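Whenever a hint applies, use it, and build me the whole structure from the sequences.
These protein sequences, in sequence, are chains Y and S.
Residues 554 to 667 (this note's numbering) make up the first sequence, in order.
Residues 29 to 142 (this note's numbering) make up the second sequence, in order.
The hints are simulated quantities; they were obtained by calculation from the structure and are not laboratory data.
Hints may contain errors.
Unchecked claim - Derived EDC-like pairs (lysine to aspartate or glutamate); straight-line CA-CA distance at most 16 Å:
1. Y:LYS562 x S:ASP46
2. Y:LYS624 x Y:ASP612
3. Y:LYS562 x S:GLU45
4. S:LYS141 x S:GLU45
5. Y:LYS623 x Y:ASP607
6. Y:LYS636 x Y:ASP591
Said to hold, decoys possible - Beyond 10 Å from chain Y on every Cβ pair, some chain S residues (computed):
7. GLN42
8. GLU45
9. GLY68
10. LEU73
11. ASN86
12. THR90
13. GLN92
14. ILE95
15. THR96
16. SER105
17. LYS129
18. GLN134
19. VAL140
20. PRO142
Bear in mind the structure is a predicted one, so any value in this text is a computation, not a measurement.
Built from N, CA and C at the ideal position, the CB exists for glycine as well.
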Amino acid sequence: DGGITQSPKYLFRKEGQNVTLSCEQNLNHDAMYWYRQDPGQGLRLIYYSQIVNDFQKGDIAEGYSVSREKKESFPLTVTSAQKNPTAFYLCASSIGRTTYQPQHFGDGTRLSIL
Amino acid sequence: GQQLNQSPQSMFIQEGEDVSMNCTSSSIFNTWLWYKQDPGEGPVLLIALYKAGELTSNGRLTAQFGITRKDSFLNISASIPSDVGIYFCAGPRGDIWDTGKLIFGQGTTLQVKP
Numbered sequence: 554d555g556g557i558t559q560s561p562k563y564l565f566r567k568e569g570q571n572v573t574l575s576c577e578q579n580l581n582h583d584a585m586y587w588y589r590q591d592p593g594q595g596l597r598l599i600y601y602s603q604i605v606n607d608f609q610k611g612d613i614a615e616g617y618s619v620s621r622e623k624k625e626s627f628p629l630t631v632t633s634a635q636k637n638p639t640a641f642y643l644c645a646s647s648i649g650r651t652t653y654q655p656q657h658f659g660d661g662t663r664l665s666i667l
Numbered sequence: 029g030q031q032l033n034q035s036p037q038s039m040f041i042q043e044g045e046d047v048s049m050n051c052t053s054s055s056i057f058n059t060w061l062w063y064k065q066d067p068g069e070g071p072v073l074l075i076a077l078y079k080a081g082e083l084t085s086n087g088r089l090t091a092q093f094g095i096t097r098k099d100s101f102l103n104i105s106a107s108i109p110s111d112v113g114i115y116f117c118a119g120p121r122g123d124i125w126d127t128g129k130l131i132f133g134q135g136t137t138l139q140v141k142p
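Listed below in structure tokens is the structure:
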């Protein structure tokens, strides 16, 4: 089945450690997005990529980094510079670069601090 | 900046009741999207609206694109326990070019008592 796969489902980070969240899609979508969700809040955009080898900062990019070397993959690294990383992270993709092609989401990764 | 305000923030209803929730903004939107998020999962697209005044149904769900372009409504008829979750509205950023970036409301949490 086509879809978006995020892994791992749960992740724990130690102080000073970088961790990488995986996002893979087999939908042949051009655009991919990373969001952060905190309890009782909506989704906030971290980074997005509209095409391979190109990505842009969203609203809360500080302490995060991404890469887009392949169309199918858009990994997110939570660096040690992100002082409050505990959250639910969601990856999304869409066919094109406009909102006329709605975003579809993976099932998320929950990141916690040890 | 642009914001989407959802109301109510939470609802606790009896199974079989109808549900209404809305999303408002001080800015005009050209697209309205409604998503549902089950606990521990990613949001799933329910309905997409692209035209002012548009009324679209998806099973027991009906959504409307407000004629002023500043609001949208989602109704659920004859609620069942599996309707439990968080409902988000979303719309495109007010960028000059449609970049595919979305703004999300804070969500309406729905609980259904069997």
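Results of checking the hints against the structure:
1. Y:LYS562 x S:ASP46: Not OK: Y:LYS562 and S:ASP46 at ~34 Å, beyond 16 Å, violated.
2. Y:LYS624 x Y:ASP612: violated (23 Å)
3. Y:LYS562 x S:GLU45: violated (34 Å)
4. S:LYS141 x S:GLU45: holds (10 Å)
5. Y:LYS623 x Y:ASP607: holds (10 Å)
6. Y:LYS636 x Y:ASP591: OK: Y:LYS636 and Y:ASP591 at ~14 Å, within 16 Å.
7. GLN42: Nearest chain Y Cβ is 24 Å from S:GLN42, so the label holds.
8. GLU45: The claim stands: S:GLU45 keeps its Cβ more than 10 Å from every Cβ of chain Y (closest is about 24 Å).
9. GLY68: The claim breaks: S:GLY68 does not keep its Cβ more than 10 Å from every Cβ of chain Y (closest is about 7 Å).
10. LEU73: Per Cβ check, S:LEU73 is inside 10 Å of chain Y; nearest 5 Å; violated.
11. ASN86: The claim holds: S:ASN86 sits with its nearest Cβ about 13 Å from chain Y, beyond 10 Å.
12. THR90: holds (18 Å)
13. GLN92: holds (17 Å)
14. ILE95: holds (20 Å)
15. THR96: Correct as stated: the minimum Cβ-Cβ distance to chain Y is 19 Å, above 10 Å.
16. SER105: holds (23 Å)
17. LYS129: Given a closest Cβ separation of 6 Å, the condition is violated.
18. GLN134: violated (5 Å)
19. VAL140: holds (19 Å)
20. PRO142: holds (25 Å)
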